[in-house]
Amino acid sequence: MSEPLLNIDSVTKNFGGFTALSNVTTEVQVGERFGLIGPNGSGKTTLINCISGLLNNDGGTITFDGHNLNGMKAHKRTAAGITRTFQIPRPFHSMTVMDNLKIPIEFVSGTGASQAAIAEQAMSILETMGMAEKAHQETSGLTQIELRKLELARAIAAKPKLLISDEAMAGLTGNEVDEVLEILISFNEQGMTIIMIEHIMRAVMQFSHRVICLDAGELIAEGKPDEIVKDKGVERAYLGV
Amino acid sequence: MIILELFINALIAGILLGGFFAALSIGLSICFGLLDTVNIAHPTFIVAAAFCTFILNANFGIDPILAGIIITPLFFGLGWVIYSLYYQFFEKTSAEALRGLAFFFGLLFITEVVLIISFGVDHRLVNAAYIGKSFGGEFAGISVSVPFRLLSAFVVAAILTLGLQMFLDRSFFGRATRAVHQDMMALSLMGVDPVAIKRIAFAIGLGTCGIAGALMIIVIPIEPAVGRLFIGNVFAIVVLGGLGSISGTLIAAMILGIAESMVSTFFGPSWAPAVSFTILLGVLAFRPTGLLGVGDTR
Amino acid sequence: MVELVVKDLVAGYGNVSVLHNVSLDVPNGETVALLGTNGNGKSTLMRCIAGLIKPTEGSITLKDGDRQIDLAACSPKQIVEHGIAMVPEGRRLFPLLTVEDNLTLGAYRAEAREKLAESIDFCFTLFPRLAERKTQQAGSMSGGEQQMLAVARALMSDPKLLLVDEPSVGLAPILVSQMIEKIGELNTSRGLTILMAEQNFNQAIKIADKGYIIVHGEIAFASKDATDLRENDMVKSYYLGV
Amino acid sequence: MIMRYKFEIGCVAFLVLAFILTQLGLNRFFFFAGFAVLQFIMIATAWNILGGYGGYINFGTAGFLGVGSYTSIALIQWSNVSIVPQIIAAAALAGLLGLAIGYFTLRLKGVYFAIATLALAIVLETVVNNWDFVGGAAGISILPTRKPELLGAVIVDRKIGVFGNYKEFLFFLIAGMTIFSVWVARTIEKGKLGRGLNAIKDNEEAAESMGVPTLRLKLIATTISGALMGAAGGIFPSYLTFIDPLTAFNLEFAVYSLAMPMIGGTFTWIGPVLGGLLLGTVQQVAIVTISSELNLLILGVVLVVFVTFAPHGLVGWFMKKN
Amino acid sequence: PVAQAQSKDPIKIGFSMALTGALAGGGKQSLVAMQIWAEDINEQGGILGRSVELVFYDDQTNPKNVPGIYSKLLDVDKVDFVVSGYGTNLIAPAMPVVIDRDIVFMGLFGMNNNGKWNYEKYFQILPAGPSPAVGFSSNWFEAVKTFKPKTIALVAADAEFARNLKEGAVENAKAMGLEIVYNENYPPRTADFTPIVRAVNAKKPDIFYIASYPNGSAGLVRAIAEVGTDAMAVGGGMVGLQYAGLMSGLGPNLNGFLNYDFYVPEPTMNIYPGSKELIDRYQKKVKDEGLKTDALGYYLVPWAYAYVDILGKAVNAVGKIDHDAIAEYIHKTKFTTVVGDVEFGDNGEWTQSRTIAVQYQGIKNNELDQFSQPGTRKIMFPADIQTGEVKPFNSLR
Ligand SMILES: Nc1ncnc2c1ncn2[C@@H]1O[C@H](COP(=O)(O)OP(=O)(O)OP(=O)(O)O)[C@@H](O)[C@H]1O
Ligand SMILES: Nc1ncnc2c1ncn2[C@@H]1O[C@H](COP(=O)(O)OP(=O)(O)OP(=O)(O)O)[C@@H](O)[C@H]1O
Ligand SMILES: [Mg+2]
Ligand SMILES: [Mg+2]
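Residue numbers (the working numbering), protein chains in the order written: chain A, 63 to 303; chain B, 300 to 597; chain C, 1211 to 1452; chain D, -18 to 303; chain E, 601 to 997.
Among the clues, some could well be false.
On the chain D side, residues computed to face chain A include the following (Cβ under 7 angstroms) [what the hints assert, rightly or not]:
id: 1; residue: Asn184
id: 2; residue: Ala187
id: 3; residue: Val193
id: 4; residue: Pro194
Calculated from the structure, these hints are not laboratory results.
Model, not experiment: these values are computed from the prediction.
Ideal Cβ placement from N, Cα and C applies to all residues, glycine included.
Construct the complete structure from the given sequences, taking the supplied hints into account.
See below:
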């Protein structure tokens, strides 16, 4: 097996006296579609905050593409190829949809390109996401799904090697979930590795090559989607019967 | 021995001064810390109250503290009116709090001019039996003196702060006040009219100017522009304590009071502001949300 | 004895109207599901009932015993005082207050204050996790924990009618069913009348006594009863897009 | 081609105009009032780079101006350094201060940052109060060089100088500095830096996650903004010929520097220019037309009225009209 | 009958004045005095037969506003003369503007403003002698000599005037061979002065020189009342104790303070002819017109009157508006004014100091009237106008 893209080695994170992650160890392969599930409060968002650099893990190491990420600034990690979406959308609210996308292009994927080229790239991403006609709208006028799509589009605009999607589908209907899945899968097919956090099991099952499940900050199961859903621990902690 | 005596007296003076600072800042802690209205005119309103106290004291011989209590409703009303305007023009249209700062700066000018026109520019003082006197004595060879002037300010300030603190912590109204800047919509779902809460809370904040004004003229001579000197201090105290924390404000006021008194005693008063504000910077460097701030980085 | 009757409601934001002639009925003691995909106006309807948006036309009436209360003319505060509580979309907690303060604020209205201790106990039994996290800042809790707190906070006002806007969004599967069950429980054990907006059809029908489907701001389907809701073909075609 | 450099051409045209004005032997009051207004515009523009674009409210403007002023004073005291190097040194030092503040307060947000900058200004003022080399709290009078020379040319002399009068020279100097500041601000606004700062203003964590080096951009902004303020302060002693800490560190600067962009509009370079022009002019006019305390009142009323009725600043107001 | 000033083209005298801000107390008082002077001179036929008109603007006690104001006065209002506003740091920024026009400039209470400029047309009314900082306190040090002090403590406000006074006091102290045991400054925002007084007491100075601004003066008076001190002489450069508001506010707490003053209602002050009448008129005017300014006006009224009066006298004597001639005339003339005989030295300062040292005595209550009677502020120095004996501080408490 080749070198994993992301290596998470006994990562621990505490908030005051509370342990949000304890000794989580796993790895993500190049090109993999990786599912991350776990009950609410199990530490999923915390884990990706540690990966993307918004939090610093208290213990353990995270290695990405051969680089040790510990202590690296978030924007450097983005430059190195990790981007993430936010569970609660955080658009740049004073900018149009298009300008939102231009930020990661200008600072990461297309540094030095002309404004016209940047705009073109942004537009093409908006088109794939089916948001082209919203390009020049202020973000304040967007609906929840559109905001979610914008989160994804903005992350993709950074042309990451690893995309982490934090509950991009929460609150979407069946058709919309399919729509987003399709988008994610198509980007994966172009070579993007994707970690997806989601509570919609249908989506996780359909999407993931491999799934891990966290519970109370500990990794309790890891495996193929169909194995995971049968796992007793996962059933007890997460799926319910 | 003389060092110890100086130290103990400086400590006492610092605590008393801290009480005075707390009285100046407590209303701002509500208006600014809890309601997000950057009321830079707060010290000037206190000066206005001090002038009212002066009038009552000079013309009717009313004790300044009593006068402060008498005019408090007046300032409560003023706060009511000011907030209503502020709401109408800024919050309703969800304008940034920063615009409010410019608005209050305008109010500061206007208030100052009104004061100049009605009272002139001369320094004013009040008199009461306890002003200019002190009590104290020798304890274990250390002589301590406590000026009544500052003691009375301290006592009133302590009652005011602790009272407000209890009120905000324990009462429903207090909880609503602490919640109101976080989510007005959610608050209205609790059956609370957030605008009314803000209006009352702001009015309370400004109401404290009444009593703080009385304390100010007890402690220092006043003139219309004297409020400007305290803008830095009061904002520093509110921020050092942590936005939204009344007890934080009290503690911060004490720290600055003690720092100022200690520095004045041992290193020369000229360095007092540098020390006070370096403390502020130092605390912020390690606790970006102030001493008792609650993870809120507004 | 409360019953909520909405008639020919027209409402929206600014010049855009989102709801067109919506009528529905929430009878006493029932759980009514309001179904529909994104952006169809479920939340808008909920907000109208809670008084956060004023309808441009139509009426919202609360029948409380013999009284008929015109909710459209009431402020949100008065509506809460009439015994209606809402769990808003997106939770809308007070992130800097503790769990306990959030709950206490829920009991702001005069009648609820008297039962404060009792209500808190009830909420802590309903959601033991909240009891464990009593002093944590609400904003630092995970999504699911926050959702529990949002429901609990609404219950604190001791409502007769509970409006719940998408309680299952962002919850782990195990919690989705738990949450829906808890809501069902509230209905049965406390006799609470409930109007619940939900797009998780399968979960919603577990507890719904009847349901409405709202499409583009209009009621596209109103079920007669629970069975009708579960089995009517219209539902599948409208909602599931089958 | 010409259209593309419209702004730059405008800048040069303004400078030429400013120069011509100095040569016309105009009423000297014009230069004094003009100086004050231009200095306001410069301060507002400098403030807006950090405050308007980046959303970081600097309440310590007085500190930067004061550092600028006292750098000049120290240089004069030290060896009568002439005005241009004074200003350059002032800008450099204030820029360094900006950099330091940026580092020191990088974890601070919103009002905490604002108050930290205010605190810094007060600390600096105290230091100067106790620094007798530059006059300390007593202040200091300086004599502007009577016949400054630059690159061999006599700058100021009634007969042979480029400028007939020192005030005309200062006016031209501040005009140049102001134009430069506006140019810097506009260049930032239209460029990557400006867009990055905007992203920081909207949501710093999201910006960082989208690859914006937030710390670096903030440091660049605090440095540039500080340096420009320092330059505006550096010229101040020559204008006043007397400086005391109370004047150099006047809190008024903090509030004006924020009020001007607020009145004009914070999101574009024109905002601070308009705001500075308006507030500066009103102030200058009020002082010399109303000979009583009412001149303060006018200022107060202007502030209240403009922030109340032009919620997005004058620029926003015009944009809405069109 | 006095010749009425002709109504043709008035002579305009322009100035900036602190009508708001920290120095407004003095500024407003001065303005009233100057207006009284304008009335007087117009009644007497004006200057050069033309009536006098005052043109003034509020400088807000902010030096920043001063250059613009003077330029407006000279260029737009086309005033014939300018005189200064009140206070050193408001005079300083006007200097270059004035020097540039090479015109006569009368200064009101500036401390050594001409030190660096050496401008030959500048004249200043503060009676502190040729070396103002030193001259200001020299009489105070003369007065304390009776105590044969050995040590001195000095405190000054962190502000221009006070710091200059203290520096002068240090020189005087050194000249007397005093040991300086405490020498500190306090910032303007100081609210509690007890720590300073205690720190001073810990050094047990024989005399305690204070150079303070009104806030600090009141604060220190009270702090000393509360904490006490064993120093034999206390005060010296306390600005504000001359103000009606502070005097009546502080009342008996003032007893024992030995401070500077310029004019007090003591009988020997008749060496300033007309000053008593002037002050009476001022007080009446303030009362009648309900002016919101100092009720007594001892501090500045005679001086603000005198500095324009000297200008008027000089112009009338020269007979034309010729600044060179007027300046020359002022230099060589001894003027007799409401502040007595005035002579200016080369640097435009008084040739000798006439700052007086007064001791507050016998103040019983907070009534304002007692301060307009002789007895509450007795003159200790200069000897020629002395009205009382200096007593140790604590003997008067
Ligand atoms: N504050 C608002 N201002 C303007 N339009 C709004 C606002 N909130 C919602 N809308 C619009 O109203 C319509 C209905 O929205 P609503 O939130 O009621 O839908 P919903 O059925 O609750 O959808 P969801 O499942 O996404 O919660 C949408 O088109 C939305 O864009
Ligand atoms: N800043 C913080 N301070 C204290 N506790 C925190 C903080 N951030 C997160 N937590 C706690 O850490 C735990 C893990 O939170 P996290 O947000 O990672 O959960 P999650 O798995 O993403 O849940 P969800 O699916 O509901 O989003 C939760 O119990 C949460 O309350
Ligand atoms: Mg999460
Ligand atoms: Mg909704």
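Practice item. Output the numbers, in ascending order, of every earlier hint that fails for this structure. Key: Violated hints: none at all, because every hint is consistent with the structure.
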